[in-house]
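Residue numbers (our numbering), protein chains in the order written: chain Y, 1 to 301; chain H, 302 to 590; chain S, 591 to 1015.
Calculated directly from the structure, the hints in this document are not laboratory data. For each residue, glycine too, the CB sits at the ideal point set by N, CA and C. Heads up, a few of these hints could be off.
Said to hold, decoys possible - On the chain S side, residues computed to face chain H include the following (Cβ under 8 Å): (1) A619; (2) T622; (3) Q643; (4) S650; (5) E826; (6) Y830; (7) S851; (8) V857; (9) Y927; (10) D929.
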Amino acid sequence: MKTISRLGHEARLGWTLVAPALAVIGLIAIFPLGWTVWESLHLHELRMPWLGQPFVGLANYVEIAKDPRFWAALAHTAFFTVVSITLELLIGLFLALAMNRVFRGRGFVRAAVLVPWAIPTVVAALLWRFIFESQGGIANALLVDAHILKESMVWFIQTATAWVPVVLADVWKTTPFVALLLLAGLQNIDLSLYEAAAVDGANAWWQLRHITLPLLKPAILVTLVFRTLDGFRVFDLIYVLTGGGPGTSTEPVALYTFNALLQNLRFGYGSALSVVIFAITFGLALLYVRGLGVRLGGDET
Amino acid sequence: MSRTVRAVRVPSRKTAGVHWGQWVFGAALVLLMLFTLFPFYWAIVASLTPDAALFRDPSLWPQHIIGDHYRALFVDRDFITPIRNSLIVAGTTTIFCLCVGTLAAYALARLEFKGKAAIMAFILAVTMFPQISIVSPLYLLLRSLHLIDTYPGLIMPYMTFAMPLTVWVLTGSIRQIPKDLEEAAHVDGASRRQSFTKILLPLAVPSLATTGILTFIYCWNEFLFALSFTLGPERQTVPVAIALFRGQYQVPWGEILAAAVVATTPVAALVLFFQRRIVQGLTAGAVKG
Amino acid sequence: MAAALLGGCEQADNKNETVLTFSGSALGAEGTLVAKQLKQFMVLHPDIRVELQRTPDDASQRHQLYVQWLNARVGNPDILQLDVVWTPEFAAAGWVLPLTRFSPPTSEFFPATITANTWAGRLYALPWFADVGLLYRRTDLVPKEPATLFEVVADAKRTMATPRGPRFGIVWQGARYEGLITGFVEYLGAFGGRILDDSGRVVVNRPEAVKALQFMRDELYNSKIAPLDVLTWHEEEARYAFQNGTSTFMRNWPYAVGAMSDTSSRVAGKFAVSPMPSSGEPGGHSTATLGGAQLAINAYSKAPDAAYELIAYLTAPEQMLQRAQAVKQYPTRTALYSDKRLEDALAIPLDAVRRAIESATPRPVTPIYTELSEILQIELHRALVRQAEPQDALNSAAKKIDALIERTGMRKLMSMENTVPAVAR
């Protein structure tokens, strides 16, 4: 197979083509990111300007490491992310396979599937809060009518039950996103592979495991990476649904960062928290790339 | 050609099993559709109910329909302007993102040069910081560029944070499109640009449509930047407008939900229009060795 | 209504006029009132033009925007609308100007409202309107105002036991947010407790405070007059519960009076307000938490003198009366409470309101209030959902608040603070 290989020319063309994207991102993102890292190395309490903004090195990071509330928030975030992603991948895969098929009404299904994702997060959170409201909420009404619950439960005052609406709301809202990404991946799989397998007598389950999933790896990678990013930055949803309560038992790191930055006005500490969140998500992304065996820079295996 | 199925012993199945599977599939799909649409249905019901009744007795069917909330949206609150703003910002961002992102994705997928992995990592890394921390310095930056309360002041940050998804998805998709056709075209004397526009782009349309929709929705729903970088109703977008419905203690549920229903409609329309584009199989006849 | 200005400098127009930006609401009756008063001001001051910059009514959203703007040293809006607990924070950060050079008539306002706006001996904002925590009760079920908290419990239980009586005895805001603190402060005062004493020492774990917290818990789990749901409720959920007739008593802000007087309300004309009563125990006193909005001058404003003119105008007696009539918010000037026009404007008996404002208690006046409040919210909520015992929760809160004061070096500053002692009865 002939390939066009004039490296110098190709490299130049390559950089030219990525230049616009890099330029936009660079213009907007470099300063804020640099500023955040810079702030994280300083003490900066807006309420107490007389303290100045002294360089404190890694002191903020040390404070984070010693802060039990941070570790708790991290645990909550990890728990929430793992549970949500798992559910979203499973349901999303199912939906993607469904949307890929030919059946009557699939246009409607495809549009309907996207509705949750089209609703602003804050409104979705309000909706789910309403649904699980103990007095006027439809969830309690339905569960009591179906005799699953004896009486209305106050979901948000116990940690275990408070997570239910949170996870449900996130799964409801984000599964469409996952489904679309996986669908895009499904589109690129050559249908003749399925035909060949069917001729050989393979059933749907086998086809799924041995053809679909392996070839879906790039799409799954993208999904995992972006969903993990979003999971670790989850804020609006939990802010509206539980406010981090009861106590602080549903508080994720992004909410904790928000408190530090915009409520308590501790810009240095809050920036350090952001850098830590960045480091964790970056590390996870690397793990995914390695784990799924996808090479970022070239063709996949 | 590298994608033939390896010869492996496969379990065989009776044909009757297929029908059972289809029933399960159908039932699961219906359940999922119910789960997906129920809250939205509930939002519509609630938006037609007086607020006080909402807290009294929840019921699946609208008991006492009023149009007040919807009227208030357009008469008392001028909901048209935020919708206009959202459409402009989301639409422009999507178009720019697709253009810029496709070029980058083409380079990352089809060309060989050092630093590709680093570029992809960099593009992704910028979105890994929580928005909360980026808001303050970004505000400072936009202010120094005199972009506060302007359309570009929203479009540019949105592009920055929507770009990674665009680039990553398109890069992956383009990589999975076999190179055969393009290379055949090159042999026949076509330039790179021609093979890109006439062969590759049409095949990439499903991915373009998908990322287009995802980008549009991201912009449509984005709240924190919109709240922080706009000052008044002339430029505020839908999520900000909805958030401003809240009084100091009062939460006008009915109006908020009515606004949500209204705000979702353009998006749903967009999706319905594009949904066939999202799913266009490779077997549209083009790619065989 | 004037449109918002772009952030940036204000220049005098050709007509040599000063332009001011006022941070306010454009919603509903409040929006109409603000527009009207701004226009009236402009008629009186032809050389000043005022433009309205719409800011969220929701306090925390507004706070976020203010922080962002002031951190960037933006001079707009010239006049800021501060929640009562923000003044020390903004003052310490250097974001609002001290008003001393304008010689504001501080003696004409309620002392508690002035205290809340004083930091390091200087006044930084004028109180615009006052919110005070009130006890709402169903007059058809409980005709006589209960004299102590224990009477409230007794009345509540009695009414709940009657056939077709309300399901709940009392509803309040118990979600894990600032509203919980405002309610707690009232129970605290009723038992004679405080969060910080006059020298800035943390006293929130003293026996009186434990009793107050235990009392709240008992309402939930012992006498069961308060449903567990309140632990997830903000103002509106409680309001609807009372409005739908499901509760005998409610603790809420004055806004609910107007909200519950329209046709959809099942209790219109059947309720009355009074300050939360004392516990009846020695040291206790009737307490109403002070809320409300204050007007302050942006430290980066280019026209502070004009800005003060506007603030003085908006806090003048006439304008406060207009506000009472239009949106039923309570003035902060003492003299108005002997004025019959106020009673007409508010359309409820003045006596109860005056008692409430006179027993108004500010929350701790310190720049670190939000962090302090958060600590307390968490511990209080944990005790209320029974994740911790009251004494342990309050001990933990006291320890953390102490550490906070240490860390931020606030101890010296706060003991220098001339706080008005809690209103003694």
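Here is what the structure says about each hint:
1. Because the smallest distance between the Cβ of A619 (chain S) and any Cβ of chain H comes to about 10 Å, over 8 Å, the interface hint for this residue is violated.
2. Residue-level restraint check for T622 (chain S) is violated (minimum Cβ-Cβ distance to chain H is 11 Å; threshold 8 Å).
3. For the restraint placing Q643 (chain S) at the interface with chain H, the shortest Cβ-Cβ distance is roughly 7 Å, inside the 8 Å limit, so the hint holds.
4. For S650 (chain S), the interface hint is violated, the least distance from its beta-carbon to any beta-carbon of chain H being 10 Å, above 8 Å.
5. Because the smallest distance between the Cβ of E826 (chain S) and any Cβ of chain H comes to about 5 Å, under 8 Å, the interface hint for this residue holds.
6. Annotation: interface hint on Y830 (chain S) holds; nearest CB of chain H at approximately 4 Å, less than 8 Å.
7. A cut of 8 Å between beta carbons decides the hint on S851 (chain S): the least distance to chain H is about 12 Å, and the hint is violated.
8. Residue-level restraint check for V857 (chain S) is violated (minimum Cβ-Cβ distance to chain H is 11 Å; threshold 8 Å).
9. At a threshold of 8 Å, the smallest CB-CB gap from Y927 (chain S) to chain H is about 23 Å, leaving the interface hint violated.
10. The interface hint given for D929 (chain S) is violated, since its Cβ lies 25 Å from the closest Cβ of chain H, which is over the 8 Å cut-off.
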